[in-house]
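A.B. asks: Sequence:
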Amino acid sequence: MFQKPSIPRGTRDFSPTEMLRRNYIFDVIRRNFSLCGYLPIETPAMENLSTLLGKYGEEGDRLIFRILNSGNFLAGVTPGTLSAADSSSVSQQISEKGLRYDLTVPFARYVVQHRDEITFPFRRYQIQPVWRADKPQKGRYREFFQCDVDVIGSDSLLNEAELVQIIDRVFSELNIKIIVKINNRKILAGIAEMAGAGEQITDITVAIDKLEKIGRDGVRQELMQRGIASEVIARLEPVINLSGSSEEKLEELKRVMAGSEAGLKGIEEMEELLGYLAMQPVKPSVELDLSLARGLNYYTGTIIEVKAADLPFGSICGGGRYDDLTGIFGLPGVSGVGVSFGADRIYDVMLRLNLFPEQTGSSTEALIINFGREELPTLMQIADTLREAGIAVELYPESVKLKKQFSYADARMIPMVVIAGSNEIASGQATVKNMKTGEQTAVILSALPSFIREGKLS
RNA sequence: GUGGUUGUAGCUCAGUUGGUUAGAGCGCCAGAUUGUGGAUCUGGAGGUCGCCGGUUCGAACCCGGUCUUCCACCCCA
Numbered sequence: 003m004f005q006k007p008s009i010p011r012g013t014r015d016f017s018p019t020e021m022l023r024r025n026y027i028f029d030v031i032r033r034n035f036s037l038c039g040y041l042p043i044e045t046p047a048m049e050n051l052s053t054l055l056g057k058y059g060e061e062g063d064r065l066i067f068r069i070l071n072s073g074n075f076l077a078g079v080t081p082g083t084l085s086a087a088d089s090s091s092v093s094q095q096i097s098e099k100g101l102r103y104d105l106t107v108p109f110a111r112y113v114v115q116h117r118d119e120i121t122f123p124f125r126r127y128q129i130q131p132v133w134r135a136d137k138p139q140k141g142r143y144r145e146f147f148q149c150d151v152d153v154i155g156s157d158s159l160l161n162e163a164e165l166v167q168i169i170d171r172v173f174s175e176l177n178i179k180i181i182v183k184i185n186n187r188k189i190l191a192g193i194a195e196m197a198g199a200g201e202q203i204t205d206i207t208v209a210i211d212k213l214e215k216i217g218r219d220g221v222r223q224e225l226m227q228r229g230i231a232s233e234v235i236a237r238l239e240p241v242i243n244l245s246g247s248s249e250e251k252l253e254e255l256k257r258v259m260a261g262s263e264a265g266l267k268g269i270e271e272m273e274e275l276l277g278y279l280a281m282q283p284v285k286p287s288v289e290l291d292l293s294l295a296r297g298l299n300y301y302t303g304t305i306i307e308v309k310a311a312d313l314p315f316g317s318i319c320g321g322g323r324y325d326d327l328t329g330i331f332g333l334p335g336v337s338g339v340g341v342s343f344g345a346d347r348i349y350d351v352m353l354r355l356n357l358f359p360e361q362t363g364s365s366t367e368a369l370i371i372n373f374g375r376e377e378l379p380t381l382m383q384i385a386d387t388l389r390e391a392g393i394a395v396e397l398y399p400e401s402v403k404l405k406k407q408f409s410y411a412d413a414r415m416i417p418m419v420v421i422a423g424s425n426e427i428a429s430g431q432a433t434v435k436n437m438k439t440g441e442q443t444a445v446i447l448s449a450l451p452s453f454i455r456e457g458k459l460s
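Just so it is clear: in the first sequence, position 456 is 458 by this note's numbering, and no numbers are missing.
Since the hints were derived computationally from the structure, they do not count as laboratory data.
Please note: incorrect hints may appear among the correct ones.
When the alpha-carbon atoms are kept at most 27 Å apart in a straight line, the in silico BS3-like pairs for lysine-lysine are as follows [claimed, not checked]:
| id | residue 1 | residue 2 |
| --- | --- | --- |
| 1 | Lys-212 | Lys-137 |
| 2 | Lys-179 | Lys-212 |
| 3 | Lys-212 | Lys-309 |
| 4 | Lys-256 | Lys-285 |
| 5 | Lys-137 | Lys-251 |
| 6 | Lys-251 | Lys-267 |
| 7 | Lys-179 | Lys-285 |
| 8 | Lys-309 | Lys-215 |
| 9 | Lys-137 | Lys-285 |
| 10 | Lys-256 | Lys-267 |
| 11 | Lys-183 | Lys-215 |
Work the whole structure out from these sequences, hints included.
C.D. replies: Put into C-alpha cells, the structure is as follows:
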C-alpha cells in the first residue's frame, strides 16, 4: 500500500483547464506590458538571504522560506547556540539562501549587478512565482505568481501615470471592475510630522491602513496600542477622515501641512500625477485614499492599490515608488516605480464572477476520427495539412468505435470532428461535423482548412 | 506565529445514543445503438471513512497527536 501523495500546504497543482485560463490572464498582462515597451527578465527562485533579509520589515523576514545549506549543514554550528536551542542564531548558521519573497527586491539586486548592460530608464516586466511562509487562506497561497512591471532610473511621475493606465487596460480587458486607490508616502510622513510624531511614521501608517477594516474607533485603539500619544492621535484624526474629491482633500491638506516640507512635496507630486491622469485619452478613475499605507517599507513616494469592485477579496494589484532600493545594494540615487499584478487572486476573482471566455476551456479545434490502418495515410495527411494551416488538430490514436471517439471530442469540448472513412476518401472528401449544432457537411479535402477556419468563426 | 474550523467514492454530500456487508445524486465504464457525442433505459466498477496512535468486546462516530481546508488576528498578491 502506498501512502496517498500530497503537496505542501498552500501550494497547488494546475490542471489543463486552469492552465488555459491562467495563460489567458498572463497573455493579457504580458501583451499590455510589452505594448508599453517593457522588457522581460527572470531571476532565480532562490536568492542569498543577505539579499532578502531586512527589506520587507520584521514580519516579512519571518515569512521568507529558508533553504538548508547543502552537505553537513550542522558542521559550522557553534555547539553553544545549538544546545541553547536558539533558533534564530542556528538558522543563520545553517541557511544562507532563501526563496524569493517578491520580485521587486530581486529586481533591484539585478539592476545593481547588471548596471553596465542596462540602458536607463530601464523598463522591465517579470512574471514568476514567489513564496511566502504565511498561513494559507482563501486567496492567500504560499506559492503564487506575481506579474511585475517597473521603471527604474526615472523620477518622472509620468511613469506612475502610465502604470495606472496599464492597470486600467489590463483589468478592462479582463472585464474586472476595479477600484484604484492612490496615496503618497510623503503625504503620510507629512501628516505624522505635523501631528508631532514623525519618528513613529511606521506605526502610524500601519494603523491607519486598517481604517476601512476596523473603522475610526479601531484605528484610534490601534494607535494607542502602538504607543502614539493621545494628543498626536487627536491631530491625526481630522486629516485621516478628510472627505470629498481628491482635489478637495489636497486643498485641505495643503493648509494643514503648510509647515512640512515632505508633506508639501507629496501633495505636489499627487497633484502632478492627477494632472497626468486627467490628460489620458481614457481616463482611469482613481481615488486619493489617505488611509492607504501598504506594508512594504521600501516605498517612499506614490503608492497604488487595486481592488475588485464586485468582490471583497484583498488587493489584486499593488505597488509604488521606491527611491533607494538599489542603494542597499550599492547603487544609490536610482529611483524606481512599479506595480505587481497578483495572477492567482485575479484568477479567483474571475472564477467567482464567471468572467472566463468559453474558449479558454479547450485548445484543440478539430478531432480526426481514426478509422484504421487502411485510412491512416490519408488521415495523417489531413492532420498535417490542417496543422500547416495553423489549425490545432488531434488524430485519435486508436481506431476504436466511433461512439467512443465522439464522446472524447465532446468531453474535450473540441468543436469540430473530421470524419474520413473509406466512403469519403473514395470521393476525395471528408465529412465535417460541427459538435455544437450537430450539422454535418461533406467537404472536398483541399477545401478542408478554409472550411474549418470559417466554422471556427461562426 | 496565536486562536478556532474542516476532512466519508472522481465531485457534492447523507450516515441514527459507538453495533454486523458505509449510502445517495452527479460523473465514470459497459450494453441497448458493430460510421456518430450531448437525451433515455439497463447493468457495472469504484471507499486504508485524511493519517498515526489510544479508549472499547466493538470506532466513520469518543480521546490525543499530526497533516489538510477554511476563518479571525497578523500581514499581504
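A.B. asks: Please work out if Lys-179 and Lys-212 have their alpha carbons no farther apart than 27 Å.
C.D. replies: The given pair, whose Cα atoms are some 23 Å apart, holds under the 27 Å limit.
A.B. asks: Hinted pair, alpha-carbon criterion (27 Å max): Lys-212, Lys-309. Please report holds or violated.
C.D. replies: holds, 15 Å
A.B. asks: Taking 27 Å as the top limit, are the C-alpha atoms of Lys-179 and Lys-285 close enough?
C.D. replies: holds, 14 Å
A.B. asks: For the pair supplied as a hint, Lys-256 and Lys-285, is the alpha-carbon distance within the 27 Å limit?
C.D. replies: holds, 25 Å
A.B. asks: Against the 27 Å threshold, does the CA-CA distance of Lys-137 and Lys-285 hold or violate the hint?
C.D. replies: violated, 38 Å
A.B. asks: Keeping to a limit of 27 Å between CA atoms, is the pair of Lys-137 and Lys-251 held or broken?
C.D. replies: Between Lys-137 and Lys-251 the Cα gap is close to 38 Å, so the pair fails against 27 Å, i.e. violated.
A.B. asks: Quick one, are Lys-309 and Lys-215 close enough, alpha carbons at most 27 Å?
C.D. replies: holds, 14 Å
A.B. asks: When you check the alpha-carbon spacing of Lys-183 and Lys-215, does it fall within 27 Å?
C.D. replies: This hinted pair holds, its Cα atoms lying about 15 Å apart.
A.B. asks: For the pair supplied as a hint, Lys-256 and Lys-267, confirm whether the alpha-carbon distance does not exceed 27 Å.
C.D. replies: Given pair Lys-256, Lys-267 holds - Cα atoms ~10 Å apart, limit 27 Å.
A.B. asks: Decide if the proposed pair is consistent with the structure: Lys-251 and Lys-267, CA atoms, cutoff 27 Å inclusive.
C.D. replies: holds, 15 Å
A.B. asks: Does Lys-137 lie within 27 Å of Lys-212 when you go C-alpha to C-alpha?
C.D. replies: At roughly 20 Å apart (the allowed maximum being 27 Å), Lys-137 and Lys-212 satisfy the hint.
Hints 5, 9 from the list above are not met by this structure, while the remaining hints are.
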